[in-house]
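Undergrad: So the chains spell out like this:
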Amino acid sequence: MVHRREIDGQPIVLGNQGDLFGNAMTWFDHDTGSVWSQPLGEAILGPLTGTTLELLPSTVAKWGDWRAVYPESVALDAPGLRSGFNLSDMAVVVEFGPDSIAFPSTDVREAGVVNAEVGSIPVAVTVDDDRDLWSVYSRQIDDRTIELERRGDALVEIGGDGRWDAGRGVQLSGAGGNLDVLPGFTSFPSDYATFFPDGFIWRPSGLVPVR
Amino acid sequence: MSTGSVVVIFVAVIAGLALLQLMLSRLNSGELSGSDDAFHPDGWEGAGPDYPGDLYNPLVAREPLPAGYRPVLSRDSIRPVYAPKFRRADDIDWSDNELIIGVEIDGDARAYPVGFLNRREIVVDLHRGIPTFVTW
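Line by line, the protein sequences give chains S and X. Everything in the first sequence is counted per the numbering used here, starting at 1 for the first residue and increasing by one. Everything in the second sequence is counted per the numbering used here, starting at 1001 for the first residue and increasing by one.
Hints are computed from structural coordinates only; laboratory data are not their basis. No experiment lies behind these values; they were computed from the predicted model shown. Hints are not guaranteed to be accurate.
As the list claims (entries may be wrong) - Partner residues aside, some chain S positions facing chain X, computed with beta carbon under 7 Å:
| id | residue |
| --- | --- |
| 1 | Gly18 |
| 2 | Val208 |
| 3 | Arg211 |
Stated by the list, open to error - In silico contact screen, one side only, chain X against chain S (beta carbon under 7 Å); selected entries:
| id | residue |
| --- | --- |
| 4 | Trp1044 |
| 5 | Pro1064 |
| 6 | Ala1067 |
| 7 | Pro1071 |
| 8 | Asp1106 |
| 9 | Thr1132 |
Note that the Cβ used here is the ideal one computed from N, Cα and C, for glycine as well.
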């Protein structure tokens, strides 16, 4: 996950609290010592309890696929270590306030692109067919809400002439500009169920409540 | 034993130690590579790892803990990367299959390898002026 470490425009520094909350990691901030939950992005103990950090757009991808989409990318000066994680075991979670949906990556890959609404926000979630790379986009173009379908490496507006690159949301043809990238994060479905008990799992047949 | 063979043995021992050191440093893969050509795209020096010794800690203060909270390790026993450095993609030797967290802000794309994050868990970064926090 990638958060903006800023409260009311002031940067904060956080470290590793080292405890588990709901089997997920916790942080502490260097200013107040409050303890934060990673999946919630929220302080759960201490003076800042209830404060949340903004989630920033990010993706989880294979290095080779990321480079193909972002050839100018820099890389953390760290060794490669074969994580043993597979995107196919994980879900892409999109969360806005109290509303969230987990999109299992294998289902999204099969669908090409999923048009959904999280709360009242129209989103498109896509996972490359041949690459481990996911993206979440807004389906709002100017004052229109569009539906997208996947054609190869492109997202195409259903009933319109818009075409966008599926990996970056860059417009290839049509009007309206690039797709807005929205924040999402990768989670194992069981972790999602722990932290978002009121959430939903997207299935091709419809949304399934976590509980 | 001649002076020459003593020198040869001495050099061999030194070379052996250096090799061992190299192997150990490779094994200790939770460390940044520390490459000479590493840089920070924002020219950032990094955040300091230090925090006040008397900083409030709800566990030390014996606050009631929420259900599902389990104390495990002390603070920063898994050390975050407080001062990340980066290299150009061409200078990186990861496998194409290496899983990464990718972040792009204003055309500045950065990749953080998941396997490394699985050990260090946290990277504190500054990305095009935006203070970011990358966690796994």
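Undergrad: Run every hint past the structure and note whether it holds.
TA: Here is how each hint holds up against the structure:
no., hint, result
1, Gly18, "holds, 3 Å"
2, Val208, "violated, 23 Å"
3, Arg211, "violated, 15 Å"
4, Trp1044, "violated, 11 Å"
5, Pro1064, "violated, 9 Å"
6, Ala1067, "violated, 9 Å"
7, Pro1071, "holds, 5 Å"
8, Asp1106, "violated, 12 Å"
9, Thr1132, "holds, 6 Å"
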